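Visitor: Chains as they are written, first to last, in the numbering used here: chain A, 1 to 190; chain B, 1 to 190.
Just so you know, these hints were derived from the structure itself, not from any lab. Given the structure is predicted, the values throughout are model-derived calculations rather than measurements. Do not take every clue at face value.
Unchecked claim - From the derived model, a few chain A residues whose C-beta atoms are all more than 10 Å from chain B:
hint, residue
1, Q13
2, E48
3, R135
Claimed, not checked - Beta-carbon label-pair distances, calculated as ranges:
hint, chain 1, residue 1, chain 2, residue 2, range
4, A, R190, B, Y40, 52 to 62 Å
5, A, G120, B, A33, 39 to 49 Å
6, A, E177, B, T3, 43 to 53 Å
7, A, T24, B, M1, 30 to 40 Å
8, A, A33, B, G2, 45 to 55 Å
9, A, T24, B, A37, 24 to 34 Å
10, A, A146, B, A114, 42 to 52 Å
11, B, G140, A, R90, 33 to 43 Å
12, A, T3, B, A60, 42 to 52 Å
What the hints assert, rightly or not - Here are some, though not all, of the chain A residues that point toward chain B, as calculated from beta-carbon distances under 7 Å:
hint, residue
13, L54
14, D105
15, A151
16, T186
We treat Cβ as the ideally placed atom computed from N, Cα and C, and that holds for glycine.
There are 2 protein chains.
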Amino acid sequence: MGTRERIIDAAEQAIHEFGIAGATTRRIAVQAACSEALIYKHFAGKEELFLAVLLERLPALAPALAELRQSVGKGDVAANLTAFALTALRFYARTVAIGGGVLGDPPLIAGFRAMLAETGAGPHLPILALAEILRTEQRGGRLDPAIDAGAAASMLMGACFHRANLACFVSLPDDDESWAGTVVATLVRR
Amino acid sequence: MGTRERIIDAAEQAIHEFGIAGATTRRIAVQAACSEALIYKHFAGKEELFLAVLLERLPALAPALAELRQSVGKGDVAANLTAFALTALRFYARTVAIGGGVLGDPPLIAGFRAMLAETGAGPHLPILALAEILRTEQRGGRLDPAIDAGAAASMLMGACFHRANLACFVSLPDDDESWAGTVVATLVRR
Numbered sequence: 001m002g003t004r005e006r007i008i009d010a011a012e013q014a015i016h017e018f019g020i021a022g023a024t025t026r027r028i029a030v031q032a033a034c035s036e037a038l039i040y041k042h043f044a045g046k047e048e049l050f051l052a053v054l055l056e057r058l059p060a061l062a063p064a065l066a067e068l069r070q071s072v073g074k075g076d077v078a079a080n081l082t083a084f085a086l087t088a089l090r091f092y093a094r095t096v097a098i099g100g101g102v103l104g105d106p107p108l109i110a111g112f113r114a115m116l117a118e119t120g121a122g123p124h125l126p127i128l129a130l131a132e133i134l135r136t137e138q139r140g141g142r143l144d145p146a147i148d149a150g151a152a153a154s155m156l157m158g159a160c161f162h163r164a165n166l167a168c169f170v171s172l173p174d175d176d177e178s179w180a181g182t183v184v185a186t187l188v189r190r
Numbered sequence: 001m002g003t004r005e006r007i008i009d010a011a012e013q014a015i016h017e018f019g020i021a022g023a024t025t026r027r028i029a030v031q032a033a034c035s036e037a038l039i040y041k042h043f044a045g046k047e048e049l050f051l052a053v054l055l056e057r058l059p060a061l062a063p064a065l066a067e068l069r070q071s072v073g074k075g076d077v078a079a080n081l082t083a084f085a086l087t088a089l090r091f092y093a094r095t096v097a098i099g100g101g102v103l104g105d106p107p108l109i110a111g112f113r114a115m116l117a118e119t120g121a122g123p124h125l126p127i128l129a130l131a132e133i134l135r136t137e138q139r140g141g142r143l144d145p146a147i148d149a150g151a152a153a154s155m156l157m158g159a160c161f162h163r164a165n166l167a168c169f170v171s172l173p174d175d176d177e178s179w180a181g182t183v184v185a186t187l188v189r190r
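Build the full structure now, drawing on both the sequences and the hints.
Guide: Given below as structure tokens:
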């Protein structure tokens, strides 16, 4: 395993154990058995390192979106969207601590914002991708054309993101499966 | 102004400047011109102090929910919900850094979780309150009875919460007003 990989692993471990706030480059360097200087040789800063953890170590939404895109025109729209919502929920549950940690750290968020603006990336892109898939289903006559696809995508992703956050604070009464099924049924109803 | 108030003000200021991660009791004590021991005399821990900031200093959702409840049966349902969504969006924009900071700090989140479980409070309660309002509008025949009120409330609050988070990371293309209007129209459509 290369040094870069070892540093990313160590960062992931440190975030898991101590949170973003406690995942200092000193701790990461000890865990990766390298110097702090070597971390900065591979990553411009903590922002870049944490983004690498997000993009390279955590389950991504991209495969789930690709699978949903593959299922356009096939099977049951509501069932496909429910399966996607459950994957999104799991994804957000895994990433909520990193995203939250960044939000709780003003200098880090400024760095993230600049980096995302430069690369054109961002946590809003899955909403746009989902909206495009919903539009394709509308063109195929499988989804109510009166639905605004962008708004529907905002609501489905937003509900999953919010629920993943809430679950960190309280025990939610209903289980994820029935919750996701009811949310999608309400969203796609005719 | 009493000591307790002065400490809460200092904590709010420290969170704003340094984030949750940097809002140490030492910094808060300096700002409040008191000892760290005095902070712990008024608050069992950082969790309790940060919760006091959330509950006593930030604009609350409760008045917005009360206003929405007052408007049941009056005016246009979609317009009422859109106005509420905009208030929720502003509320979440103000609280996202505190909530996120807690999520990025594993010991803090454990303390928060225990405290919320003990008091029966929690960030999921506004969803339940909104769902109850939607049910009342359904009973009055002003909202499609096919809508699951709980799911609709999850989606509306979730979309607002998610958008407040996204806005910290990227510049969103559409303005809040038209976004909220389209989301509500998609949610309440018949």
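Visitor: Determine for every hint whether it applies to the structure shown.
Guide: Outcome of the hint check:
1. The claim that A/Q13 lies off the interface holds: its Cβ sits roughly 13 Å from the closest Cβ of chain B, which is beyond the 10 Å cut-off.
2. No Cβ of chain B approaches the Cβ of A/E48 within 10 Å, the least distance being about 15 Å, so the stated non-interface status holds.
3. At roughly 13 Å, the least C-beta separation between A/R135 and chain B is larger than 10 Å, which holds for a residue marked as non-interface.
4. Between A/R190 and B/Y40 the C-beta distance comes to about 58 Å, which sits within the given range of 52 to 62 Å.
5. The hinted window of 39 to 49 Å between A/G120 and B/A33 holds, with their beta carbons roughly 47 Å apart.
6. Between A/E177 and B/T3 the beta carbons are some 49 Å apart, a value that agrees with the proposed interval 43 to 53 Å.
7. A/T24 and B/M1 have their C-beta atoms about 36 Å apart, which keeps the hinted 30 to 40 Å range intact.
8. At roughly 51 Å, the beta carbons of A/A33 and B/G2 sit within the given window of 45 to 55 Å.
9. At roughly 27 Å, the beta carbons of A/T24 and B/A37 sit within the given window of 24 to 34 Å.
10. Between A/A146 and B/A114 the CB atoms are about 46 Å apart, so this pair conforms to the stated range of 42 to 52 Å.
11. Checked against the hint of 33 to 43 Å, the pair B/G140 and A/R90 passes, with Cβ atoms roughly 38 Å apart.
12. With their beta carbons about 49 Å apart, A/T3 and B/A60 fall inside the hinted range of 42 to 52 Å.
13. With its C-beta approaching chain B no nearer than about 11 Å, A/L54 sits outside the 7 Å limit, and its interface hint is violated.
14. Given hint, A/D105 at the interface with chain B, holds; its Cβ is 4 Å from that chain's nearest Cβ, closer than 7 Å.
15. Hint status for A/A151 relative to chain B: holds, with the closest Cβ pair at about 4 Å, below 7 Å.
16. Annotation: interface hint on A/T186 holds; nearest CB of chain B at approximately 4 Å, less than 7 Å.
The structure shown violates just one earlier hint, number 13.
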